[in-house]
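Generate coordinates for the entire structure from the input sequences, incorporating the hints supplied.
Going by the working numbering, the letters in the sequence shown line up with residues 20 to 135, in that order.
A few of these clues could be false.
Computed cross-link-like contacts, DSS-like style, restricted to lysine-lysine with a CA-CA straight-line distance of at most 25 Å [unchecked claim]: (1) Lys-86 x Lys-56; (2) Lys-93 x Lys-59; (3) Lys-59 x Lys-82; (4) Lys-123 x Lys-59.
Label-pair distances were calculated between CB atoms; the ranges are [what the hints assert, rightly or not]: (5) Asp-30 x Glu-67: 50 to 56 Å; (6) Lys-82 x Ile-42: 40 to 46 Å; (7) Ile-78 x Asp-120: 24 to 30 Å; (8) Gly-32 x Met-105: 51 to 57 Å.
I should point out that these hints are in silico values taken from the structure, not numbers from a laboratory. C-beta atoms are modelled at their ideal positions from N, C-alpha and C, and glycine is treated no differently.
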Amino acid sequence: MRKIFGPTRTDDGYWRIKTNQEINDILKGQNIIGFIKKQKLNWLDHVERMAEDNIVQKIKRWKPMSKRPIGRPKTRWEDDVLEGIMSINISNWKKVAQNRDSWKKVVEQARTLCRL
Numbered sequence: 020m021r022k023i024f025g026p027t028r029t030d031d032g033y034w035r036i037k038t039n040q041e042i043n044d045i046l047k048g049q050n051i052i053g054f055i056k057k058q059k060l061n062w063l064d065h066v067e068r069m070a071e072d073n074i075v076q077k078i079k080r081w082k083p084m085s086k087r088p089i090g091r092p093k094t095r096w097e098d099d100v101l102e103g104i105m106s107i108n109i110s111n112w113k114k115v116a117q118n119r120d121s122w123k124k125v126v127e128q129a130r131t132l133c134r135l
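So, in structure tokens, the structure goes:
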């Protein structure tokens with residue numbers, strides 16, 4: 020956020036980086052991490068309700084045929100989102116995602132958690 024909002028010019032003409040308090044005042048208390056997690060959960064819900072023959076569903080199920088590089092595998096987008104869902108103890112999330120109203124409650128619950 021410091022890069023986005025840029026530096027602040029002081030009274031004596033020097034430039035300085037914004038403090039955390041100044042950035043929080045600009046954002047009006049919105050937590051950017053919570054916002055991003057909320058957007059990811061909203062997209063997951065949207066994808067789950069798509070038809071099985073949709074191109075997005077096909078890409079989601081696609082498994083590459085090539086070998087993976089040596090070392091720890093990179094975290095996939097879906098794994099990151101599912102970890103967030105499991106942290107709020109939603110076991111049947113695919114069924115809950117089919118109902119928009121109940122999924123909105125899950126998204127709001129996830130957004131308010133500090134650990135997400």
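Results of checking the hints against the structure:
Between Lys-86 and Lys-56 the alpha-carbon distance is near 30 Å, which puts this suggested pair outside the 25 Å criterion. Between the alpha carbons of Lys-93 and Lys-59 the distance comes to roughly 18 Å, so the proposed pair stays at or under 25 Å and holds. In summary, the hint linking Lys-59 to Lys-82 is supported, as the alpha carbons are separated by about 21 Å, within the 25 Å threshold. Of the supplied pair hints, the one linking Lys-123 and Lys-59 holds, its CA atoms being roughly 12 Å apart against a limit of 25 Å.
For the hinted restraint 50 to 56 Å between Asp-30 and Glu-67, the CB-CB distance of approximately 54 Å keeps it satisfied. For the hinted restraint 40 to 46 Å between Lys-82 and Ile-42, the CB-CB distance of approximately 41 Å keeps it satisfied. Remark: the range hint 24 to 30 Å for Ile-78 to Asp-120 is upheld by a beta-carbon distance near 28 Å. For Gly-32 and Met-105, the hinted distance range of 51 to 57 Å is satisfied, since their beta carbons lie about 52 Å from each other.
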